[in-house]
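With the hints as constraints, model all of the structure from the sequences given.
Throughout the sequence shown, residue numbering follows this note's numbering, covering 28 to 175 in sequence.
In short, the hints are calculated from the structure, not lab data. Incorrect hints may appear among the rest.
Distance ranges between label pairs, derived from CB positions [to be verified]:
1) N120 - E54: 23 to 29 Å
2) E101 - R58: 19 to 25 Å
3) A129 - T31: 36 to 42 Å
4) M61 - G83: 19 to 25 Å
5) A129 - E68: 34 to 40 Å
6) E40 - A65: 30 to 36 Å
7) A115 - R59: 31 to 37 Å
8) L74 - T150: 38 to 44 Å
9) G108 - F29: 45 to 51 Å
10) E68 - H122: 17 to 23 Å
11) N34 - D142: 41 to 47 Å
12) E69 - A129: 25 to 31 Å
13) T150 - D73: 42 to 48 Å
14) L57 - A129: 26 to 32 Å
For glycine and all other residues, C-beta sits at the position ideal for the given N, C-alpha and C.
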Amino acid sequence: MFATTQNIRRNGEWDETHGSVMLNYEERFLRRRMLRTAQNEEFLVDLSQTTSLDGGDAFELTDGRLIEVVAAEEDLFAVSGPDLIRLAWHIGNRHTPCQIGADRLVIRRDHVIRDMLLKLGATVTEIRAPFTPEGGAYGHGRTHGHSH
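Following this line, the structure appears as structure tokens:
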């Protein structure tokens with residue numbers, strides 16, 4: 028029989044884990060799914076609502092053990108240029124998830140967006156890294172199109 032979880036502990040709300048599970052950006056948006064830890068233990072995630080998780084969060088199993096969420100490396104573009112704010116505006120205008128840093132933006136690889144950014148004078152570099160874009164306009168979670 029496998030363990031289950033209905034609770035999430037956010038990064039900073041826990042000290043020690045029993046194991047870890049590596050999930051990419053899409054996989055970290057879930058409500059109900061079977062997962063397998065790096066230690067080869069299966070558990071059922073059964074949350075009351077679809078939830079966006081970040082690396083460093085943890086699933087709290089019904090027996091009290093914690094399983095850390097590790098953000099998996101993904102194929103991404105690092106975007107830089109002399110007018111980063113303008114580039115960020117164009118990325119956001121296309122509702123493209125974006126991780127914002129002091130000297131670069133990080134987006135998922137999308138060749139149409141890449142071509143647009145290059146035409147705007149950006150430098151676009153292929154990278155492989157964990158992806159943790161900004162949440163929606165009202166705080167946490169993900170953006171979902173035009174309905175506000």
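- Which numbered hints does this structure break? 6, 10, 12
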